[in-house]
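K.L.:
Sequence:
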Amino acid sequence: MINPHNVVNILTNLISERLTLISTPSSTRRDEEVAKALFENVESVLNCSAYCLENNHTLDLDTELLEQQLESNDRDDNLYYNNECEKENIIQHQFSFEYMKNVIEFYDEKDEKTGKRKNPFSYIQKRFKKVKDKSYIRRFRRYVEAQGTKKQKMDQIDSFVSESFENARQQLLSIHDFDLKK
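Using the numbering used here, you'd call the opening residue of the sequence shown number 7 and step up by one each time.
Read the hints as simulated data drawn from the structure, not as lab findings.
It is possible that part of the hints are untrue.
What the hints assert, rightly or not - Restricting the straight-line Cα-Cα distance to at most 27 Å, the calculated cross-link-like pairs of lysine-lysine (DSSO-like) are:
no. : residue 1 : residue 2
1   : Lys116    : Lys135
2   : Lys138    : Lys116
3   : Lys107    : Lys119
4   : Lys157    : Lys136
5   : Lys159    : Lys107
6   : Lys136    : Lys119
7   : Lys116    : Lys132
8   : Lys136    : Lys116
9   : Lys122    : Lys136
10  : Lys156    : Lys135
11  : Lys159    : Lys138
12  : Lys156    : Lys107
13  : Lys124    : Lys135
14  : Lys157    : Lys124
15  : Lys124    : Lys138
16  : Lys156    : Lys140
17  : Lys136    : Lys156
18  : Lys157    : Lys138
19  : Lys140    : Lys124
20  : Lys124    : Lys136
21  : Lys122    : Lys132
22  : Lys156    : Lys124
23  : Lys107    : Lys157
24  : Lys119    : Lys132
25  : Lys116    : Lys140
26  : Lys124    : Lys159
27  : Lys159    : Lys116
28  : Lys138    : Lys122
29  : Lys156    : Lys122
30  : Lys107    : Lys124
Given the sequences, and given the hints that come with them, work out the whole structure.
P.N.:
Following this line, the structure appears as structure tokens:
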């Protein structure tokens with residue numbers, strides 16, 4: 007039979023030999039919770055004939071902390087951008103990838119007889135009211151060739167990682183930071 011006092015003494019010796027401890031004058035609530043969990047484990051070991059110990063580490067999603075970090079990052083990012091970046095951000099936020107693609111396709115249509123562009127810029131402005139000047143066409147073309155803006159690509163990656171994280175949490179799988187890097 008296992009003697010729990012001997013187990014505690016051996017555990018105390020192991021902890022003092024192998025772990026560096028930061029001493030605190032009084033025990034905290036968390037210390038008490040861990041002690042209770044350890045007591046329940048020791049008690050279950052004493053009451054059973056075979057024992058299998060599994061260790062699960064989880065990473066819980068703290069949405070409030072995540073929102074605060076995102077807000078903080080947004081504030082920092084806004085300080086970083088200059089006027090040109092702000093213009094590009096406005097364009098990126100106002101137009102979807104499909105909208106930019108439609109503008110470019112309409113602009114690039116060729117007349118079969120002459121081989122020239124079918125639609126001058128004034129027609130584009132009439133059909134696509136949000137397009138203010140020709141620089142939008144150049145930017146749209148660059149974004150369409152790159153399959154979207156950097157922000158749109160990052161949003162796709164963020165949503166994929168969030169969905170994967172949520173699915174793994176629903177299946178009670180353990181998640182590590184190296185899993186998120188893949």
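K.L.:
Can you list which hints this structure breaks, lowest number first?
P.N.:
6, 14, 22, 26, 27 and 29
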